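Protein sequence lines, in the order shown, are assigned to chains A and B.
Heads up: the first sequence begins at 1 in this note's numbering, then just goes up one per residue.
Heads up: the second sequence begins at 282 in this note's numbering, then just goes up one per residue.
Taking CB as the label site, the calculated pair distances span: (1) A/Ile96 to B/Leu611: 53 to 61 Å; (2) A/Leu62 to B/Asp535: 18 to 26 Å; (3) A/Gly60 to B/Ala722: 53 to 61 Å; (4) A/Pro37 to B/Leu611: 38 to 46 Å; (5) A/Gly255 to B/Asn765: 30 to 38 Å; (6) B/Asp719 to A/Gly46: 41 to 49 Å; (7) B/Arg379 to A/Gly255: 57 to 65 Å; (8) B/Gly334 to A/Phe276: 56 to 64 Å; (9) A/Phe276 to B/Ala657: 47 to 55 Å.
In case anyone wonders, no lab produced these hints; they're calculated from the structure.
Quantities reported herein were computed from a predicted structural model and do not represent experimental measurements.
Think of the CB as a built atom: it goes at the ideal place given N, C-alpha and C, for glycine as much as any other residue.
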Amino acid sequence: MLKAAADREAANGGRRIVIGIVGVYVLLLVCCAVAAPAVAPYDPAGQRLESRFSPPFSAGHLLGTDDFGRDVLSRIIWGARPALMVGVISVGLALILGLLFGLAAALGGGAVDNSIMLLMDSVLSFPTVLLAITVVAVLGYGVAQVMLAVGVIYSPVFARIVRAETLSLKEQTFVLASRALGSSLLRTVGSHILPNMLPRLLVQASATFSLAVVIESSLSFLGLGTQPPNASWGLMLKDSRSYLLQAPWLAIYPGIAIALTVFSFNFIGDVMAEKFGVRGR
Amino acid sequence: MRYRIIAGVIAVALLVVLPTVARAAGSAETRGRVLQFALSGSPDTLDPQKTSGTLTFQVDRSIYDTLVEPDEKGRIIPALAESWQISPDNLTWTFKLRGDVRFHNGDLFTAKDVKATLDRIRDPATASPKASEFNAISSVATPDANTVVLHLSEPYAPLLASLASGWAAILPASLIAAGHDFDTKPVGTGPFELKSWVRDNRITLVRNPHYWMSGYPKLDGVTMNIITEHAVQIQGLLSGQIDVSYLVNKEDLDQLKSNPQTTYTTDLTSLVCVLAMNDSRAPFNNQKVREAISYAIDKKSALDVAYGGGKVVGTFMDYSDPYYVDFTGLYPYNPEKARELLASSGAPIDRPIDLALPQNYDPHVKAGEIYQQMLAKIGLNVKIRLVDWSTWLSDVYKGGNYDLTVIGHTGKLDPDGRLAGYGTGKSYVHWNNSRAADLIAEARRTVGFANRKPLYDQVLKIMAEEVPMVFVGTPYRYVGLRTNVSGFRMDPKLDTFDFRYTELK
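Start from the sequences and build out the full structure, keeping to the hints where you can.
The structure is reproduced here in structure tokens:
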């Protein structure tokens, strides 16, 4: 009994350390994205053809230089921008669309509910990356298109949560009481239904955020997202492919950046789920 | 009971399969003299007359023969034809054929096979993308089994080079008549026969024991392993699973050098890599702007970094072509001069310039990123737009919807293949120069190197001076080999492989 408690204590201690590390990393990431021009030591697109493939820790280049002699650290720092931007904006878009569709379905009921959810399910039934490629191929290449694509593709996930939560909340006594006391529908939704589903939405948003980062990298890797010479982690991975054996650092550092970011936001989602007592995602 | 039967079947199957797998994975001794070759993709078809895909010709070169063929220098030498004669008016071409050649299916090769093949490629029903190269032929006569006479409607010098190219591979007349499936079951007279083709995996070729060059091919077979990823090819070469890879980057060379069992060769490709401009659009319709852009580009650096090194060229002909003329001194790298010229050109350059890059070709994308920086240094705001290959072909190359683009022009055995259409405004750079267009047309009707050279000299001079596109250079090709491989050849211009002389020690 005591041992189990001690184990839990130790596990909690380890978890707290991880929470700390994740916190610092995310803070660093946000700083990099916001203040990239001030933080990055070099112009991320600045070519120095005479100093190509400097290894990491060489003079002036902590993480080395790439095949154009561009500073890898500066490109990683600037690469945080499209990653976070796509994460924030596309998840925000998915959230807004999800809320609108979910509420409309739950409150409209009947045929409205059926047709909205049929649409949402059909979007969900496509493999996400494939759908994203299709959307970007139609709209044209670029970060804005990627954000739009990811936002639309992930909106059904939020719509489903919003619909389910609304359906169960609207039968709860406090909601019925608020309605009985004469609050408008809008007011009831705003002050009772939304706040009560917020935890689940936040947990989902955090998980979707990391998926959005992966999709941005994937599309940039395929040449559909961030356009050169702008820096993006996916684009850096794509460029590194030809030099895997001679200059492995070109693949390792953006790979680490993507992995850490995805892990961090998944982890934050887990922690929030635990805190809010939200089951499963 | 049923489960026991199934288990028994599986056990027996394993007993049969396992030793086979073990043998297949066995050492070099069991492999015999079979070359393990890395091919960069799967051909769309193996019918040499229904595609323009290089991969098809890279495979078909070993299965089929042509009447004449290029030697290592690109000169055209006899193959299935022992000799040929051209009448003084250049309208009658007579080929004497070898009498001792058999197709893989046992048919004896005769003049009627040549006639059937040339009729097939010119037949609109075949829809050959190369049919126009044979349009000048009005009829094919076969006075006897070993003589073919081509009657031309007009003098057409490039015909000999077309007959030496992969798309003029000679097919057996009996199978053409029978509607044989040449897409997947090629039958030729070549040094190797197709044994099997597993799409996206491998193409297995075995020696043709009755090949007309006695003592050749030296190999028992060639296995073309389809490996699209360059890094995987290099890894295969280093570990010994692959004997030859023709997709080696400059950055791989150190590794191939330091491994005692691998080596490499350096040759020039037949590409002319360019920064193309849309000459019909402002400001590129202004020759001074085009000159400024050419001065702004450090061709040597771009060639070294993006294309793995090569020779700078100053006109529209690859460096090792016999028709090549050196104009590299005309617009050498000089950013100051470029800025001055741009300022004095009077052309208003107030909008961002669009640079369309074919995203599936890493070297061109890379070159484009370098050009963007070089042009930024003379004050041009260039915006990169990555496009996929089909969009590049339809929108950029055919549609002319671009300011700048980066591409490599492949060579052909005849200079007309490269130059036809330029000067008329119909080419994708929309460059107009009637003098150049007339000279190109005249050279097409003129037979013989000595007679054509002065005409092409003038064309290349005009193109060098007027800069319809920035001519950057001809890159090197590095071929990685295991040290026990010798005699591997690539055909100049055609980028096909000649395995006849290849040996494994």
